Amino acid sequence: MTNHQNIKRINPRRAYQIMANGIKRIVLGCTANSADFIAHEASTQLHSSKKPVRTPTLAKARVLVILHSDRGMLDDHAKQSIAAAAILADANTAVVTLVLGELREDAYQQLASTGADEVLVISECDYQIFQPDIELAYVAAVIKSITPIRIFMPDNLIGDGDLGRRLIASQPQKTAATHVVEINADHIANYQMGGTALAFSHWPNIVLIAPDIADAQLPFTADALALNFDQASSTQNNANTQPSAYANLGVQTMPAAQIALEEADFIVSAGNGVNHVPTLKTLAASLDAAIGASRVAVDDGKFSRDKQIGATGKTVSASTYLAIGISGAVQHLQGIKDCRHVIVINRDHSAPIVKRADLSVIGDAEEIMQQLIIAINDAKTDPINKETA
Amino acid sequence: MSIKHIAALVSAGRHPISGVARHCRNDSLAMTMALNLVNRINATNSNTSQLTVLHAGNAKNEALYDYLALGASQIEVLATATDTNIVHSLAVKLADTDLILTGSRAENGLDSGLLPYLLAAKLNIPLVANALAITPMTNGIEVLQFLPKGKRRKVSVQLPAVVVIHPLAPVELHFAYAKLAVGKINKQASVTLADTRTENSMQWQTQAIMRKPNKLKARENKSGHARMLSATVSENKGGAVVNDGNSVEKAQVILRYLREHRLINF
Ligand SMILES: Cc1cc2nc3c(=O)[nH]c(=O)nc-3n(C[C@H](O)[C@H](O)[C@H](O)COP(=O)(O)OP(=O)(O)OC[C@H]3O[C@@H](n4cnc5c(N)ncnc54)[C@H](O)[C@@H]3O)c2cc1C
Ligand SMILES: Nc1ncnc2c1ncn2[C@@H]1O[C@H](COP(=O)(O)O)[C@@H](O)[C@H]1O
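Line by line, the protein sequences give chains A and W. Following this note's numbering, the numbering of the first sequence begins with 1 at its first residue and continues without gaps. Following this note's numbering, the numbering of the second sequence begins with 1 at its first residue and continues without gaps.
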């Protein structure tokens, strides 16, 4: 109390400058000027909301990322592979992404945010059609034309793991590593000896990347410039080779009821807010979806234990997760972290699951389920409806 | 059905904790599938087909007894020195085999899952991976392939071919001591090689796992203020929230979303 006046006070709002690296520097000897201060605030806001573009103006080298699209979009594994290539590329290296399969217009934004500088699309390919010889010929043609210093591919089961190994086998002089679980600026690593040893090596020419090894959230963006690829000349190459040894006899989707929940692509999941289970089952059947449940719904005896999703149940990776009357406790959200589209029907707009959802519809579960079943049946029977949608 | 020679490639496995030699489950699936296929062909057709179970490595490896117990009547072992190119020795041995079945990944070496691909490339024959079932046809075979998300694909392929069996193939394994007792292990001299180069060779340094792999993250040069913001302000996550309208309209919103993202095909 008595010393109070002796303490030297420092003005916390002294004038400062923001350096190139984004760090604040206080300018000694200057007095705070409020107008200046506001200007600085505004510039930092601007700085943080817009990410810098990484794409080199004059690329000296290129790395190639090869992957299959899934329904015109990229899955997380594909995005992580591009992001890994972009993070590891130096300032003069451009990341070229070769997409095998159709690519939707809005996927370019995904590609830009995961660091793809240039994009090549071969839309005749499709991961559901088995034509490894043709795809390999395309890839060889692309490699020849852009001469990448390194090739990255996701080691997955939608064609890239298979195509990648064919590529490796076709180029025995190139070094290669598969199932890569760690990559950074100076080495790569994978599991060997039945998963009991972590093995390290220098970067090989061809890298097949396991899921989740890189963070696809980048502090920069890229141009995602569409390149033209001379498909005519590479199909010419195909025509010269002998007829294919493979023939496709069709893809079938297993009835949702028959496959394990972990493998299901569409899950309709019920929580405490579902009172009438038959409606939910009808809805799941009309969407050909597998049925899941929250722990409370399982504990109530509405569903069997093997339907429980969450920390103490199953971890699912469906493309579509329709959560009905589920509040979204962390234990439940843990089980659905890999789901791509989460759609919620809930009475409460402040339920935690609404934050996780891509679309939340607020209202009574039973009523909306009934209407949704009617809407789906209409859509299935009425082809005109289809065109207007 | 002209599948005369079928071969199953088996590698030596080891228990992940104790390191004890044992069969590799992936390869046992392939071998059992090959056995079933041979039995099926021989039962319906006088045209006899025969199975070779092949291992490249040490004939004394205890892991091989597991394959005998699983039903192999005889295992051919190509003795290889540590530095020989096993792809080359196997390719020479398998030059006139119609159908080669392998597992998807070994567990006692690099475990890259590359061997079948290198072999198919060396023999210049087609390869089908992720196989769940094989049906012999008049000219070639039909293979049911695993695809994620509950999808299955059927393809046909001409012979000779390499087929890699998926770990989820619905095959039951039966161990029987009686079979172990009658089975034989045949050691064969390996082909001496002109070519000792190995494909895609890499220098590896292994360490017993002590840590989890580190995730690659982009380095961010953010100011303290921006870092603080990103730590405290949760990201603008959460999609559209529909509060208004009656339940018919709300149902339409869901249907439109599903269609827009092609999550349904009607
Ligand atoms: C150790 C531990 C492990 C756990 N593991 C799991 C797990 O693996 N999986 C799991 O799911 N849970 C797990 N839980 C439980 C979890 O914490 C929650 O209690 C549970 O997930 C809640 O289930 P719920 O969302 O169905 O029910 P509630 O929390 O009761 O939520 C019901 C929701 O439905 C809405 N609702 C109610 N009536 C209607 C209506 N008529 N129309 C529309 N909406 C309506 C409500 O607004 C509410 O949001 C675990 C808990 C613990 C402690
Ligand atoms: N030494 C070996 N002898 C015979 N077959 C092998 C050998 N090593 C690997 N294979 C086969 O090749 C498959 C893939 O092995 P890898 O490429 O080593 O992961 C295995 O599942 C086996 O079927």
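Do not rely on the hints blindly, as some may be mistaken.
[Unchecked claim] Below are the EDC-like pairs computed for lysine to aspartate or glutamate, each with C-alpha atoms no more than 16 angstroms apart in a straight line:
no., chain 1, residue 1, chain 2, residue 2
1, W, K122, W, D96
2, W, K217, A, D90
3, W, K149, A, D358
4, W, K215, A, D186
5, W, K212, A, D126
6, A, K380, A, E263
7, W, K215, A, D223
8, A, K281, A, E367
9, W, K217, A, D288
10, A, K60, A, D90
11, W, K151, A, D378
12, W, K151, A, E263
13, W, K149, A, E263
14, W, K149, A, D76
15, A, K51, W, E220
16, W, K215, A, D299
17, W, K149, A, E262
18, W, K151, A, D126
19, W, K217, A, E367
20, W, K151, A, D288
21, A, K314, A, E262
22, W, K215, A, E263
23, A, K314, A, D338
24, W, K149, A, D90
25, A, K281, A, E366
26, W, K217, A, E262
27, W, K217, A, D186
Keep in mind the hints are simulated off the structure, nothing from the lab. Treat the numbers as computed from the prediction; the structure is a model and nothing was measured.
Cross-check of the supplied hints:
Note on W/K122 and W/D96: the hinted pairing holds, with a Cα-Cα distance of about 13 angstroms set against a maximum of 16 angstroms. For the proposed pair W/K217 and A/D90, the alpha carbon gap of about 15 angstroms is at most 16 angstroms, so the pair holds. Under the criterion of a C-alpha separation no larger than 16 angstroms, the hint pairing W/K149 with A/D358 is inconsistent with the structure, at around 21 angstroms. With a CA separation close to 14 angstroms, the supplied pair W/K215 and A/D186 stays within the 16 angstroms bound.
Only pairs whose Cα atoms come within 16 angstroms are accepted, and W/K212 paired with A/D126 is rejected, the gap being roughly 34 angstroms. Distance restraint check for A/K380 and A/E263: the Cα-Cα separation of roughly 25 angstroms exceeds the 16 angstroms cut-off, and the hinted pair is therefore not satisfied. Proposed proximity of W/K215 and A/D223 is contradicted: the alpha carbons are some 25 angstroms apart, above 16 angstroms. Pair hint A/K281 plus A/E367 holds up; C-alpha atoms about 14 angstroms apart against a cutoff of 16 angstroms.
For the proposed pair W/K217 and A/D288, the alpha carbon gap of about 38 angstroms is over 16 angstroms, so the pair is violated. Between A/K60 and A/D90, the direct Cα distance comes to roughly 10 angstroms. Compliance with the 16 angstroms bound is thereby established for this hinted pair. The hinted pair formed by W/K151 and A/D378 fails the criterion: a straight-line CA distance of about 26 angstroms is larger than 16 angstroms. With a CA separation close to 9 angstroms, the supplied pair W/K151 and A/E263 stays within the 16 angstroms bound.
Distance hint between W/K149 and A/E263 is fulfilled; the C-alpha atoms sit about 5 angstroms from each other, no more than 16 angstroms. Proximity of W/K149 to A/D76 is assessed by CA-CA distance (about 15 angstroms); at most 16 angstroms being required, the pair is judged to hold. Annotation: proposed proximity of A/K51 to W/E220 holds, straight-line Cα distance about 11 angstroms (limit 16 angstroms). Proximity of W/K215 to A/D299 is assessed by CA-CA distance (about 37 angstroms); at most 16 angstroms being required, the pair is judged violated.
About 8 angstroms separates the Cα atoms of W/K149 and A/E262, which keeps this hinted pair within 16 angstroms; it holds. For the suggested pair W/K151 and A/D126, the alpha carbons sit about 14 angstroms apart, so the restraint of at most 16 angstroms is met. Between W/K217 and A/E367 the CA atoms are separated by roughly 45 angstroms; this puts the pair beyond 16 angstroms, and the hint is violated. Between the alpha carbons of W/K151 and A/D288 the distance comes to roughly 13 angstroms, so the proposed pair stays at or under 16 angstroms and holds.
Under the criterion of a C-alpha separation no larger than 16 angstroms, the hint pairing A/K314 with A/E262 is consistent with the structure, at around 7 angstroms. With a C-alpha separation of about 25 angstroms, the suggested pairing of W/K215 with A/E263 is violated against the 16 angstroms cut-off. About 12 angstroms separates the Cα atoms of A/K314 and A/D338, which keeps this hinted pair within 16 angstroms; it holds. For the suggested pair W/K149 and A/D90, the alpha carbons sit about 37 angstroms apart, so the restraint of at most 16 angstroms is broken.
Pair hint A/K281 plus A/E366 holds up; C-alpha atoms about 12 angstroms apart against a cutoff of 16 angstroms. Restraint check for W/K217 and A/E262: the C-alpha separation of about 28 angstroms exceeds 16 angstroms, so the hint is violated. Restraint check for W/K217 and A/D186: the C-alpha separation of about 14 angstroms stays at or below 16 angstroms, so the hint holds.
Of the numbered hints given earlier, the model fails hints 3, 5, 6, 7, 9, 11, 16, 19, 22, 24, 26; all others are met.
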